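Listed below, chain by chain, are the residues.
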Amino acid sequence: MSVGTRNKTSFDWVLILIYLALVFIGWLSIYATSQNPEVTEFFNLDNLYFKQLIWISFGFVLIVFILSLEVKFLERFSSLFYLICLVLLIGLFLFGKNINGATSWYAIGSLTLQPSEFAKAATALALAKFLSDLQTDIKTLEGQLKAFAVVALPALIILPQPDPGSAIVYAAFFFPLYREGLAGVYLIIGFSSIILFVSTLLLGTPLICSIILLTGILLFYLNRKKRPSKRIYFGTILLACLFSLSVNYIFNNIFEQRHRDRFNIALGKEIDTQSIGYNTQQSEIAIGNGGWTGQGFLQGTQTTGDFVPEQETDYIFSAVGEEWGFLGSLVVVFLFVALILRIIILSERQKNEFSRIYGYGVAGILFIHFSVNIGMVTGLLPTVGIPLPFFSYGGSGLWAFTILLFIFIKLDSNRVNEW
Amino acid sequence: MRKILLFALVLTTGLIFAGRLFYLQIYDTSATTLSKNNAIKAVYDYPQRGHIYDRNGELLVSNQPSYDLMAIPREIKAFDTLALTKLIGVTPEKLRKEIRRAWNYSPRQAQVIIPTLSKEEYAFLGEQLRKFEGFYIQKRSLRDYQIDFGANFLGYIQEVNPSTVSKDPYYNSGDLIGRQGVEEQYEHTLRGIKGVKRFQKDNFNREIGPYKNGTLDTLPVQGKDITLTIDAKLQEYAESLLTNKRGGIVAIEPSTGEILALATGPSYDPADLVGRKRSKNYTKMSYDSITKPLTDRALQGQYAPGSPFKALTGLIALQENVIGLNDNVYCTGSYNYGGRKPLGCHAHKRSVNLVSGIAHSCNSYFATTYRRTIDKYETPQKGMNAWKRHLESFGLGNYLGYDLPIGKKGLIPGADFYDRYYEFYWGSTTNISNSIGQGEVLMTPIQMANFTAAIANRGYYYKPHIIKSIKGEKTIPSIFTKKNVTTINKKHFEPVIQGLNDVYNFGTAKSLKVPGIEICGKTGTAENYDKIDGKRVQLTDHSTFVAFAPKDDPKIAIAVFIENGYWGSRYGGRIASLLIDKYLNEEVARKDLENWVLNHSLEEEYAKPLLGKPFPINDGSKISAKFLAQENLEQ
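Taken in sequence, the protein lines are chains A and B. Going by this note's numbering, the first sequence opens with residue 1, and the numbers climb by one from there. Going by this note's numbering, the second sequence opens with residue 420, and the numbers climb by one from there.
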């Protein structure tokens, strides 16, 4: 302890500066999207940007609080946070408030809180705690099942709220698991399932099955001198074909029509500019209208004309695209990439397993949010309602991401004190 | 691998997004247009279209207000349908249909329900408009014609078509644009520039304020008035003389190239293409494939010029130095060049030289000079091209370059034309008909008027043009003030002009003299053919005439072309004589001649091929002689 005391406050200022930059640009964008000609004074709670400013201020209080906590406290009570979050999530089924068709909020007066946002941070802590335990071995099936359970439990509770967007985020925990030694076969299975799913939708089952069969047999034939196991080869081929066959069933029978539409639009199989494709089209128009340097702050016609629905929340990036153009958008993309890469690099430097796993969890969560959100806003991915961290309007989200990030900054500041 | 997977994924995603953003924001520019349609509403302020005056300052075309009944479909409240339909003079079915159409297009957007109400309808409706909620009146400007002639060179205005809108960003759907005539040619001058105020809209199409604080808004620029070279009185007279005839008349002032009259028959009242009846009238005329009232025969009619061409044949022969002024040709009534049948001529004294050859329109004389011209060169190709070069210097065989949007090239065949046509040898006798303005030579009436003006000027011409001045501009385009010199030496014109003068003195038009004015002119009787039921049939000859006057100080050069007008002096000569009289003397004293032209109709003649009747005019000299006796006129 005596060695590290003088370094006790060495917070990573790069992360803090990127955080401040993102929150600031995010607030400017909310300011641009929520111009209301009827409310002219700044300090008015009818203004979303003023409310967001209050959330940001609260966020700073949270930061001070987190940074003043003892690291040991965070590590020791992580299971407790996790349990509290689970209870809050379950409690939604009884006391939750329904907003936009999803029962994901607690309402306390006019203030609403979304526990699923905080559950991500709690799950990251709990997973870090579980994996860093000396008794846990991720290479055993038991260890894997337990780890999956930690991750899947909150996701399964969130899914039927219904909030599939927030549930998808839990896929982020694959990254810390894989980093800590989860077998590579999961990665292969995961990736090939996604590729099979999309290619089957695009090209149809018969073509995909024939391609699988032909390449499988060809590979087997080419490797025949190595005496490959017939069982593995043909088992894989069979499974792949079965999966491809079931894609149509899943797509047509388990997915709802709106999900099907979203997929078809993202895959370019359907063109729709009115009902379900309206958001994406308007968002693409707004971004495209930006050109090189953008229309200028408060000058975006799509943004000030409220053409993009949900622009202050999930579609906030389209405001950046229109008002700050290609260069401004690149800056934001660069900030996110830098933030996540910085977290990964710092995580790798952690000597404490708990901090490293938690860091990977944070990087994974931010990555999924960043890629799915901007992918959706730019029309590359189907519409999935998840917010852009630090940008999208909303107190719960902002606070949850602030807590998520600053716990890591706290853990990281402590790394010299370990040992 | 385990350490770099996420790292690599994040980097890749960043690059993919950068690429996607580049595509959306830089590469694919369609979004900007879509956004403009989405979010910016432009309100236009249309300036008054410029007025059109004739050369004497008489107002020809001005503007009149017109009133459109507009409505925002959503805001229409239940109203007394019958009362409204009575006020605006439409049936209730029509009104309901229009409202339904507007509603289907957009319930929120203001649209025209009934266009162009008359002043009277507007006056009564305006008083009671408050009873019909959701409706309002929009004022527009339409053309107001002070004259009922000149439709062919005035042109008209109409709503722009979608292809113009997509090509020219100035125009928006529903804007008016000039079509045909000076309305099209001087569109940019006449229309001015509309002013624009831009408002930003929100997603409910509501205005939320000026776009970019109005910094891009502009004020309208007034349209400019233009003065035409047309003499309205002469034009009106020319058109009246074309009553019941098909053909074209062009009159040019030789010293300037200004077009004094440009008439085509049949024509129409320009007011027919204004307002609510416009569409109906236009359709009717454009479907009329027999009389073709929308075709300007003065500019677009390509005809064999006939005998007036002999003046050019003579000029070329003089310039090529292949004839002398006193070289006589002995005409036996036909010219035998060794073809299947001799080139026929008509009755006149046997021995002719250049001057009397023109006066008597002797075919044999000009066949001879033509052969000498072509055969002067070692090959017919060279001869033909030399001949063509001379003619081209008179503005023939190509677009003249006048300031009206339509026209035809005509045809002056050169060596390559016949090389393509004939597989083996060809020579001056092959196309001997060219010498007398038949054969392959084709001209439009305005080209004929122009070469007449060039002869009147003794060797040069100015490009014919219809613009005299533009208000606020000192000059007209310089191409119209540049002298175009022909390849014929000035001294060669005098004998030809003497011949043209003798046409009136003792030649083919001696009965058409205007007292006190020395006129030079030339009759033309052009054979023409058509296909009827797949058979090539010779129709009644066209009547052509070119003239200029006075002989020594030409003020007017005229070409008249009357389709199937029997022979040159019968219609063409009479009309030219009357027009010269009108222009130089203001008043026509020869009322009997005037009445003859006004009352004679060729409609029966035009009906003949359609009814399958024969054409006795071509049956030989006997019937011609009968006509001669009847009219007491010499061909």
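If you are wondering where the hints come from, they were derived from the structure by calculation, not from laboratory data. Since we're looking at a predicted model, the values are computed, not measured. Please note: incorrect hints may appear among the correct ones.
Using C-beta positions, here's what the derived DEER-type ranges look like [unchecked claim]: (1) A:Lys72 with B:Tyr442: 18 to 24 Å; (2) A:Ile254 with B:Lys550: 38 to 44 Å; (3) A:Leu203 with B:Ile435: 20 to 26 Å; (4) B:Asn591 with A:Ile254: 45 to 51 Å; (5) B:Phe426 with A:Ile195: 18 to 24 Å; (6) A:Leu213 with B:Asn591: 39 to 45 Å; (7) B:Phe426 with A:Lys72: 27 to 33 Å.
In this text, a Cβ means the ideal position worked out from N, Cα and C, and glycines have one as well.
Each hint tested on the structure:
| no. | hint | in the structure |
| --- | --- | --- |
| 1 | A:Lys72 with B:Tyr442: 18 to 24 Å | violated, 50 Å |
| 2 | A:Ile254 with B:Lys550: 38 to 44 Å | violated, 60 Å |
| 3 | A:Leu203 with B:Ile435: 20 to 26 Å | holds, 22 Å |
| 4 | B:Asn591 with A:Ile254: 45 to 51 Å | holds, 50 Å |
| 5 | B:Phe426 with A:Ile195: 18 to 24 Å | holds, 21 Å |
| 6 | A:Leu213 with B:Asn591: 39 to 45 Å | violated, 59 Å |
| 7 | B:Phe426 with A:Lys72: 27 to 33 Å | holds, 29 Å |
Checked against the numbered hints above, the structure breaks hints 1, 2 and 6 and satisfies the rest.
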